[in-house]
Amino acid sequence: MTAAAARFAVVELGTCTVALAAEHIAAILDPEDVDESAGTIIDLNQLFGIADDDGPARLLCLAGAVSILIRGRIAFLHLDVDPCHRPPLIAGALRRRCLRGIAIAGERLIYLLDPGALDASSLGPPTDPRTGSRTDGESCCASD
Amino acid sequence: MSSLRDEPTAEADEGKSGELTLLAMVVGGVELALPARAVSAVSAITEPTPLPGAPAHILGLVATGDQVLPLVDLAGFLDLGHGEGEENIASPAAAPDERPMQDVPALLHKLSDQNARMQDRPGFPAIDPMFRRALIVRAGELEAGLVCDRARGVITVSQAALLPPSVLQGDRLRSFLTAEVEAGARIVGVLDPEALLDAAAIR
Numbered sequence: 035m036t037a038a039a040a041r042f043a044v045v046e047l048g049t050c051t052v053a054l055a056a057e058h059i060a061a062i063l064d065p066e067d068v069d070e071s072a073g074t075i076i077d078l079n080q081l082f083g084i085a086d087d088d089g090p091a092r093l094l095c096l097a098g099a100v101s102i103l104i105r106g107r108i109a110f111l112h113l114d115v116d117p118c119h120r121p122p123l124i125a126g127a128l129r130r131r132c133l134r135g136i137a138i139a140g141e142r143l144i145y146l147l148d149p150g151a152l153d154a155s156s157l158g159p160p161t162d163p164r165t166g167s168r169t170d171g172e173s174c175c176a177s178d
Numbered sequence: 768m769s770s771l772r773d774e775p776t777a778e779a780d781e782g783k784s785g786e787l788t789l790l791a792m793v794v795g796g797v798e799l800a801l802p803a804r805a806v807s808a809v810s811a812i813t814e815p816t817p818l819p820g821a822p823a824h825i826l827g828l829v830a831t832g833d834q835v836l837p838l839v840d841l842a843g844f845l846d847l848g849h850g851e852g853e854e855n856i857a858s859p860a861a862a863p864d865e866r867p868m869q870d871v872p873a874l875l876h877k878l879s880d881q882n883a884r885m886q887d888r889p890g891f892p893a894i895d896p897m898f899r900r901a902l903i904v905r906a907g908e909l910e911a912g913l914v915c916d917r918a919r920g921v922i923t924v925s926q927a928a929l930l931p932p933s934v935l936q937g938d939r940l941r942s943f944l945t946a947e948v949e950a951g952a953r954i955v956g957v958l959d960p961e962a963l964l965d966a967a968a969i970r
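Listed in order, the protein sequences are those of chains A and B.
If you count by the numbering used here, then the first sequence holds residues 35 to 178, one letter each, in order.
If you count by the numbering used here, then the second sequence holds residues 768 to 970, one letter each, in order.
Same shape as in the complex, but just chain A (with noise of 0.2 angstroms):
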């Protein structure tokens, strides 16, 4: 661990290890026990395109109006996301999956969520938290 090291919700998403930087989150919940203060909330098996939804469901809240509904476990862990790499050439294929970059940690590649990109004036319509399932099928980031 270095001075640069900060704390991190890390998943794992099918073959992706995506983390999400800790001072972000306001709260984990239940998907069961959220109410409306929960926001727009976004699935990131859908978004990442996993078909796994092994695991239990939490519902990381974050300090916007946006929830991210995760299924598995959650570490946290100290990770040094410095630098953040984001080639030019797959810049869109990160913009539309709300990432800010991806880190080099030991022989893994980690997928930096940016929690700016995940507004929900850019997203689609919510998620059922129960469910897991949004209205209209689709779950992208905005695709400018």
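Any given hint might turn out to be false.
Unchecked claim - One-sided excerpt, in silico: chain B residues whose CB lies under 10 angstroms from chain A: (1) P815; (2) P817; (3) G820; (4) A821; (5) L836; (6) L964; (7) A968; (8) R970.
If you are wondering where the hints come from, they were derived from the structure by calculation, not from laboratory data.
Note that CB positions come from ideal geometry on N, CA and C, so glycine has one too.
Using the hints provided, position chain B relative to the given structure of chain A.
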């Protein structure tokens, strides 16, 4: 990914005597080359990390040194080697569709199968997956590892030996060819690295 890396220079590409230095490779049974100035390294390939929502030609990402590099399936991107004996008579490619990330290992397996089939075909060089390499290519701000079946090495040709593309077929391939050149008994297609990376980029 282990690699030898050099800073590309124009001087490495075009000698004072009007010679052009190319890095030759085999992609889907077709002999191709890139200007050496665009290739900063040739590297063995490690299992890439899938990129969410990527089109089919992006195999994933690998860490090379302290960089993160996208790997491009050059055979698939150029419509080479995915048919049965029609590798270089390809139809124009539609925009690559998105595929589930779980398909990446299957695609790598398919590439191995494809190479195994190529070895049994007369007229094609034997290709073994162990020879597969990524040519790390930069053009402007874009950089990627272009996956080929085999990196043949550096060849130097006279500028006068560069001929307009006429032998190698395939609309998709043709759109990225700048020239053809005879290298021994082979016809080698010279690719435009700028156009290639620009088309492969996800905007």
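Hints, one by one, checked against the model:
Hint on P815(B) holds. Least Cβ distance to chain A is approximately 9 angstroms, under the 10 angstroms limit. The closest approach between the C-beta of P817(B) and any C-beta of chain A is roughly 5 angstroms, which is under the 10 angstroms cut-off, so the hint is satisfied. Checking G820(B) against chain A: minimum C-beta separation of about 5 angstroms stays under 10 angstroms; hint holds. Using the Cβ-Cβ criterion of 10 angstroms, the hint placing A821(B) at the interface with chain A is satisfied: the shortest such distance is roughly 5 angstroms.
Satisfaction of the interface hint for L836(B) is found here, the shortest Cβ-Cβ separation to chain A being roughly 7 angstroms, below the 10 angstroms cut-off. The beta carbon of L964(B) is positioned within 10 angstroms of a beta carbon in chain A (closest approach about 7 angstroms), and the interface hint is therefore held. Taking 10 angstroms as the C-beta contact cut-off toward chain A, the hint placing A968(B) at the interface holds, the least distance being around 5 angstroms. Because the beta carbon of R970(B) sits about 5 angstroms from the nearest beta carbon in chain A, less than 10 angstroms, this interface hint is met.
Of the numbered hints stated above, none is contradicted by the structure.
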